[in-house]
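Peer 1: Here is how the chains run, residue by residue.
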Amino acid sequence: MTTLDLTARYRVDTEAPLGGLEFSLSIENLFNDKPDPIATSIPYDTPYDSTNYSPVGRMIAFGITRQW
Amino acid sequence: MVSVDVRGRLGIAALCLLFPAAAWADCEDVHAYYSYSRGYKSPGINLVRQTLGVDVFVKPEKVDAFELGVKSRLAEGAVELNGALFWTKDQNYQANYANTQVSPAAYYIANVGTLRSRGVELDARFAPVEG
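Which chain is which? The protein sequence lines are A and B, in order.
Residue numbers for the first sequence, in the working numbering: 1 to 68.
Residue numbers for the second sequence, in the working numbering: 1 to 131.
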């Protein structure tokens, strides 16, 4: 499984209007890749490596943070 | 102006990788590393019924992990480029095992052979504007 994660972040200068605000946009797993299947001996076992990989898929998040 | 600077620094970065001790180049912003580590998980004994004829002993699990990487800061800190290659060999992996060959089925920890995890990690950061 290969994931590409991108994040853009802009912190507004403290002197400017909206100072102290930080805007962020992040995309995790841009290509919506899935974990590779693994062999299991118990039928109800998780059929992928859940320790190292996430089954969530592409996730897009927008964030606003205020510092004071 | 910035792109010329970046290209110049990339040249120096390549130089620093080939000759880490190069005195004529400024290698302070480029750092190459190599790491090896060994992991160990203890042996054990499974509490399964002996009449099943299953080997109750679990061998120790051993992991050899290798990593080779570069971390660099270019264009006066505005660009950060990092890369790494990793290769992990896990011998006698101890897995939760369901043995359905025996009746009734038995669930225990078993060594299931050697696992390999290898890959490439790349990450880059750019700070194009003052903010």
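Because the hints were derived from the structure by calculation, they are not lab data.
Everything numeric in this text was worked out from a predicted model, so none of it was measured.
Watch out, some of these pointers could steer you wrong.
As the list claims (entries may be wrong) - Below, a sample of chain B positions facing chain A; criterion: calculated Cβ distance under 10 Å:
(1) 63
(2) 98
(3) 102
(4) 111
To be verified - Below are the DMTMM-like pairs computed for lysine to aspartate or glutamate, each with C-alpha atoms no more than 25 Å apart in a straight line:
(5) B:71 / B:130
(6) B:41 / A:45
(7) A:34 / A:49
(8) A:34 / B:76
Ideal placement from N, C-alpha and C gives every residue a C-beta, glycine not left out.
Peer 1: Now look at each hint and say whether the structure bears it out.
Peer 2: These are the hints, each one checked on the structure:
no., hint, in the structure
1, 63, "13 Å, violated"
2, 98, "4 Å, holds"
3, 102, "13 Å, violated"
4, 111, "13 Å, violated"
5, B:71 / B:130, "23 Å, holds"
6, B:41 / A:45, "22 Å, holds"
7, A:34 / A:49, "11 Å, holds"
8, A:34 / B:76, "38 Å, violated"
The structure is inconsistent with the numbered hints 1, 3, 4, 8, although it conforms to all the rest.
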